[in-house]
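Visitor: So the sequence lines, in the order shown, correspond to chains C and Z.
Numbered per my numbering, the first sequence finishes at 196, counting up by one with no gaps.
Numbered per my numbering, the second sequence finishes at 305, counting up by one with no gaps.
Everything labelled a hint here was simulated from the structure, so no lab data went into it.
Virtual Cβ for every residue (Gly too), placed ideally from N, Cα, C.
Fair warning: there could be bad hints in the mix.
[What the hints assert, rightly or not] A few chain C residues that face chain Z, going by a derived Cβ cut-off under 8 angstroms, partial list only:
1. ILE123
2. PRO127
3. SER139
[As the list claims (entries may be wrong)] In silico contact screen, one side only, chain C against chain Z (beta carbon under 10 angstroms); selected entries:
4. SER10
5. ASP93
6. GLN105
7. TYR130
8. ASN133
9. ALA140
[As the list claims (entries may be wrong)] Here are the simulated lysine-lysine pairs, DSS-like style, with alpha carbons at most 30 angstroms apart:
10. Z:LYS298 <-> C:LYS78
11. Z:LYS296 <-> C:LYS144
12. C:LYS117 <-> Z:LYS84
13. Z:LYS128 <-> C:LYS90
14. C:LYS90 <-> Z:LYS298
15. Z:LYS84 <-> C:LYS90
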Amino acid sequence: MSTNSFTRKLRRFNIVTHRDVGYFFSALVIVYCLSGIALNHINEWNPDFIITKEEVDLKQTFTRENVTPELVKQFGNSVGETTYKVYDFPTNHQVKVYYQDASLLINLTEGKGVYERISRRPIFYQSNVLHRNSAPAWKWASDVFAVMLIVINVTGLFILKGKHGLGGRGKWLIAAGALPPLIVLIINGML
Amino acid sequence: MMTQFRQTAVKLFTLLFLVLFIIGCTPTAKEEASNNQKIGVLLVNHGSRSSTWRQVLMDLEKNVQSRILSGGVVKGTKTAHMEYTEPSIATQLKAFDAEGFTDVIIVPVFLTVSPHTFDDIPTIIGQKVDPQSLEVLKIEKIERYTPRAKTYLTPNLDFTDILKRNVLRRVKEISKDTNNEGLVLIGYGDETYDKEWGQLFDQVATYVKDSTGIAEHAYGWCGHIVHYNSDSTTAAINRVLNKKERAVVVPVLVAHDETFQVKIIGDGIDKIAKSDEKVIYRPDAILPDPNVESWVVQICDEFAAKVKNQTLTER
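Build the full structure now, drawing on both the sequences and the hints.
Guide: Shown next, in the form of structure tokens:
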């Protein structure tokens, strides 16, 4: 087999690998990108759950001693909950009532409370579960995915030849892309 | 006739005596339960990726174990981490079940009320079903396990004045000139029970001030409530430095964790101009403390006695 023929076959293999591995992992790339953006802003929002809070005014004050199952049911009526699971006292002047997917924390001395309902944030919750490896054994799939991203990246570098290839504009763009992280590390004295 | 009557009476009397004797010897349900009882103690802490932190909590169990077991009521002790590393709460409760324990006293080695102590731990052990905890536990891959053994939760560390005495001791160890110093307490903090945390820190600071003559205090947070940012530490120190020459900074954290005592609080101090002169700081923690150990022993003894006498409801 001549060198030319071998190079041609290698190039063909490179293109096919880049194309097919790229297709295969495209959905996961999008999932990880979405989740990456969501988790980047974890301090500004809750990327996993939608937590709705509602202030409740019970119009009267209570003491811990007069909290009975009957009274707890009445608390539930004020937020549209008919049955509760359990209630407990985090402090002497607070009672927390647990419902299905919700809870009500009442300050007894103020007669006011906060009703909190939790639900999963669609798409983001599921994406984050995968990104954070919260699903059992996903860590290994995640490792394979990471290696495959390197394969997609490296094969991508060698698809084009000439002035649009790695030897042409490619090398300058790679260098330019490496600059932002380098600058940040230098500015913050981390190099 | 008389003889026959006497014989019947003797038989009846003997029968009655035997019945009474058997009843008297039969253990009551309470006694029977007590005989089969095997009480264990589980020290539960938050958990950390820091091995230094975890070691201190493992040492806590080592230091209290013989005293807890010496009473003869408690038959075993274990330690569990709520997050990050094994042994987890579920792992240890399964072990208690496997060893035939009937009752487990759970001692949360936590500072004060927080969703961890009030919601997460009870949800993990099957006492509660807090919806938010349920979801977070799934994400964090924290296993829930409802043991066959009955579980009883003791109060947190803030229940007694050991926290006040602990901080006072640590302030006295590093303070140089109380007239010109202000006190800064840095704790983890909590969004849900922010008011309670603030009150606790004010109480601790007031106690220290009354005992030392320090006149000013401030507190800041270093946990999730401030997104693990050091700005709250810096702000608290600056509040004190506005009135005093130097700030005595005390981390009110259960054990030493490099991320908190060194990175977050340390960074907060570094942002203060001339921090070498103006800030007195030792990156220590509440543990190790013999008073905390004594409290653990005492609370275990109290709960064990109640469990044994069945005067405690499962909680």
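Visitor: With reference to the structure, classify each hint as holding or not holding.
Guide: So, going through the hints one by one against the coordinates:
{"no.": "1", "hint": "ILE123", "verdict": "holds, 5 angstroms"}
{"no.": "2", "hint": "PRO127", "verdict": "violated, 14 angstroms"}
{"no.": "3", "hint": "SER139", "verdict": "holds, 5 angstroms"}
{"no.": "4", "hint": "SER10", "verdict": "violated, 52 angstroms"}
{"no.": "5", "hint": "ASP93", "verdict": "holds, 7 angstroms"}
{"no.": "6", "hint": "GLN105", "verdict": "holds, 7 angstroms"}
{"no.": "7", "hint": "TYR130", "verdict": "holds, 9 angstroms"}
{"no.": "8", "hint": "ASN133", "verdict": "holds, 8 angstroms"}
{"no.": "9", "hint": "ALA140", "verdict": "holds, 9 angstroms"}
{"no.": "10", "hint": "Z:LYS298 <-> C:LYS78", "verdict": "violated, 34 angstroms"}
{"no.": "11", "hint": "Z:LYS296 <-> C:LYS144", "verdict": "violated, 46 angstroms"}
{"no.": "12", "hint": "C:LYS117 <-> Z:LYS84", "verdict": "violated, 40 angstroms"}
{"no.": "13", "hint": "Z:LYS128 <-> C:LYS90", "verdict": "holds, 20 angstroms"}
{"no.": "14", "hint": "C:LYS90 <-> Z:LYS298", "verdict": "holds, 29 angstroms"}
{"no.": "15", "hint": "Z:LYS84 <-> C:LYS90", "verdict": "holds, 25 angstroms"}
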